[in-house]
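A.B. asks: For the protein sequence lines, the chains are X and R, in the order given. In case it helps, this note's numbering puts the first sequence at residues 1 to 271. In case it helps, this note's numbering puts the second sequence at residues 1 to 314.
These are calculated hints, taken from the structure and not from any lab test. These figures come from a predicted structure and were not determined experimentally. Possibly wrong hints are sitting among the right ones.
Think about it this way: if two alpha-carbon atoms lie no more than 30 Å apart in a straight line, the pair counts; the simulated BS3-like pairs of lysine-lysine are [what the hints assert, rightly or not]:
1) R:Lys123 with R:Lys224
2) R:Lys30 with X:Lys94
3) X:Lys5 with R:Lys206
So you can see what is in the structure, the chains are spelled out below.
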Amino acid sequence: MNKTKKRFIALLFIISLFHILPFYLLTTTSFKAVDDVSSKWAFPGYWYIDNFINVWHGANLGQAFFNNIIITVVSVVLTIIIGAFAAYPLARYKSRLNRFMYTLFISVLIVPPLTILVPLYKMFVDVGAMNSYWGIILLHVTFHLPLTIFLYTGFIGTIPRELDEAAMIDGCTRVGLFLRIIMPLLKPVTATVVILIGVGIWNDYQFSVFFLSAPESRTITVSLSSFFGQYTNNIGWVAAGSLTAVLPITIAYLFLQRYFITGLNAGSVKG
Amino acid sequence: MHVESKLERSRTRPEIKQKTRFFEKLLNSKALLNLMYLPTLILFSAFIFFPFIKGIDISLTNWDGYSQEFRRIGLENYKRMLSDPDILNVIKNTFIYGVGSTLLQNIIGLGYAILLNQSIKGKGIVRTIVYLPVIISPLIMGYIWYFFFQYNGGALNDIILLFTDQPANLLADPKLNVWIITFVNTFQYIGVAMIVYLAGLQSISKDYYEAAQLDGASALSQFKNITLPLLAPSITINIVLNLIGGLKLFDVIKAMTDGGPGYASASLSTMMYQIYFARQDAGYAASLGNLMFVIICVVSLTALFYLRKREVQE
Chain X
1 MNKTKKRFIA LLFIISLFHI LPFYLLTTTS FKAVDDVSSK WAFPGYWYID
51 NFINVWHGAN LGQAFFNNII ITVVSVVLTI IIGAFAAYPL ARYKSRLNRF
101 MYTLFISVLI VPPLTILVPL YKMFVDVGAM NSYWGIILLH VTFHLPLTIF
151 LYTGFIGTIP RELDEAAMID GCTRVGLFLR IIMPLLKPVT ATVVILIGVG
201 IWNDYQFSVF FLSAPESRTI TVSLSSFFGQ YTNNIGWVAA GSLTAVLPIT
251 IAYLFLQRYF ITGLNAGSVK G
Chain R
1 MHVESKLERS RTRPEIKQKT RFFEKLLNSK ALLNLMYLPT LILFSAFIFF
51 PFIKGIDISL TNWDGYSQEF RRIGLENYKR MLSDPDILNV IKNTFIYGVG
101 STLLQNIIGL GYAILLNQSI KGKGIVRTIV YLPVIISPLI MGYIWYFFFQ
151 YNGGALNDII LLFTDQPANL LADPKLNVWI ITFVNTFQYI GVAMIVYLAG
201 LQSISKDYYE AAQLDGASAL SQFKNITLPL LAPSITINIV LNLIGGLKLF
251 DVIKAMTDGG PGYASASLST MMYQIYFARQ DAGYAASLGN LMFVIICVVS
301 LTALFYLRKR EVQE
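If we strip away everything but chain R, and leave its shape as in the complex, we get (with noise of 0.2 Å):
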């Protein structure tokens, strides 16, 4: 008996040891490892990349938004937005947008941080003020400044009226509401630039401005050629990021104007929701999605390898 279960155990042995060695094996794995970016890639291949080659899909045909049928109609949609009339304008408003938006930001957002980086009683308070924007809801800030520049009864217009008797109509001007536009979006990121360009300017060491000093430089010079080059990081990743949010700007254009009147406040953005929901053109409404794409990928990424490479040169 005593022997028999001994021999027993001797030969159940090994196979319990192979087993765990297996699961070892498997927990020590890399290639286990990597199974823990699947869920990831699951995810951006069913959100992102089967519908990006949908979208381009849909963008050569003549789909409703709705119904079953459709044709497939080739590059139409394409050619469709050569002979558009409103585009050209919609494509202005974008980069107005964004690049109206990136400047006014950065120029902004550095004075700012260089206030803020001086010795002064109650910076603090400036700080939390100039940030609490960007934790709202761009269509809430949308809605705000809405009672600013409003017709009826909009606070802008109350002092407007202490001087002329005529209300100003101002988000119903073509050639101002998209600046009004630009202005809050503005207004709202500010924040961000101001922080990480006063980081920014936190990391410049004294010394450089107490050699300055000392050969007599004056502090325009300091600030174009220290500051500046010292801050050209900062300036990269603001300028590209504020490139890409202003770009694709919607909720603001949504709140204020909602595009009009007609497209001329639109940007791709609004247009394309236009398109799709409101006259059911889902076909055109995909190529123009794919439009805003090629615009925002080639404008951000140029800004980017251009902006790093005055980095590395300065």
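So here's chain X without its partners, still in its complex pose (with noise of 0.2 Å):
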């Protein structure tokens, strides 16, 4: 027993580095002036913070984060608002048209943004939504509304009927009802459906790429692929934007870890 205890310990040894192993290719890269062509593995043995400067200014990752913050924000709350008010009617008053409405908004789930990013595109060119804040917002909201809806409308239908008959024995109204009971009893869902969509909003790239191309409007993904593809042989700096870019949400994850692992796996156990 204790020698495949051994073994397994050993084993598990094993898996961490190789699944540490891109981090630590990252830190050494990032940290390796830029004459220093010693190999990827060697640490450098001083610290050259020189790329982290040339990147946050050359790939103006400043603006990126700023624009990154604002448009995580600005979609999660607005999607939780929107989810959260779509689900209430689907959870507790199955008429068939209800019925009909949930299936619809969850079908959408399978749709890949990407395929419909032709017309999209001419859209927003037509509106006026290139570049734009709201643009930008409102298509991240309307593609993660599915998975909020899904998880608040289950949410809500594990939260007994009887509270809803003893709310309105004392006078509230249907609206009240939502607002003042169910609304305050989502905060458990909530803390998971902000991390769920708000990951998936901060590392977006596929949409961000087409929609946010001006320099100033960038969001850090789209800052970092263009500064890749002006600077493809100077690896230290891609390295050094890559790592501040993972930095922020690594430490968040590390200390909210139980949280991040719950939250992200709600929406896969349950999509």
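Mind docking these for me? Both chains are given alone in their own frames, and the hints should help you get the complex.
C.D. replies: This is the structure we're talking about:
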């Protein structure tokens, strides 16, 4: 028994090494001076911060971080409000119409947004939504609503109806019931939704690269990719930029790990 | 005076009552509640349903993506697919990204889950490390692995150069780069499969295994006859989810090879991007988008129904 246990621990150690490897290489590369041609495997032995300074200015990461924060926060807040509102009637009044609506909303989950890229792009150009916060925010909200509605509808279904009835007997209107009784109860599932869609929107590339191409409206991923296109040979700068982009969300993950893992997997388990 | 005002009051009161009752009724009506999903319906119509129909319309034209003039050419774009020399390979790549990463993620994810289901010290750290890539942008994950596989000064080539004096240009090799990208996508999302399987394993009662051990069943037959059937719901979720994720892969390909050389490692999504923006062939790009939509819907729905049916049987 002890022997198999030791083998298990050795195996776990090898797995951890393998999975930490890319992050190790990212760190060594981002601290290496431009003229240092030593292997990426070797730690530089000095702290070369210039890569970070250069990429911060070169890729305009300050602006990109600002854009990312605005877009992510507004999109998440809007998605939660609109999603929770939609979920309530779908969970409580299962008329034939509402059942159809629920199926319609959820089936959008399979539609990959990229398949309608051409018409969306044309529409954005026509209405002047290119490179605007509101355009990309409405897109993010739309494509994150199905999962949000799904999670909220499931959660509201577990709230006992007796609560609704008691509130109605006390003279609460249906709308008031939702705002005053149901909304406060949604806190735990809201934490899940915030992490799930927040991570998705923060990391988004496939929308942002099309709709936020102007330098001042770029998000982190778009800035990095255009920077990478210009300085393909200057790997140190790109690595420093990637490390900078990854750091905030990694720190959040390490501290709130439990919420991240349950949150992100809630989307997969139920989706 | 006094009498008059009293009269007046009694006259106006029913009106007020009627008004408040109407307002109450409105707030209580189910019709109004259904209005609560109206914003969602509007957003979906504007950004999904309408563009989807518009996309079919564009795919029947020879529009170049910016000019006002274009012609309707019927099904010409779809006929063009049949004679496109690249498309078969691109569809094949799309399936490798979809099916290949699904298989790898599930096999490795299940293995990891079984390992982490043992009572060993330090498994929490392993879980944290394996799950970390899930929260990172796939584009940046692609860059990080690019540093590893890259031709000039790539980390892997540093090792290869210890044995031979010829560095390998792996990302330019059309046979290999598709699998490298599949590997990176797998690496990134093993954590999700692992956690789903871990939850599935923990929900299986230990009694089954004890009974099987009493009957003298081997570890392998326990795995085949107890673990796998009882994990069926987790298997369904993981497979369908990974299929959809892999078939629409975009960011990692952009980061590592940009679909090249040529279309050698392109998927339908990156090919569509190329044709729309680089070749300004919007009509054809729209028809590729529709093809991708059909493929993803058919594959994921077939997988879903097949796996659900098996779940019930078992």
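A.B. asks: If any of the earlier hints don't hold here, list their numbers in rising order.
C.D. replies: As far as the earlier hints go, not one is violated by this structure.
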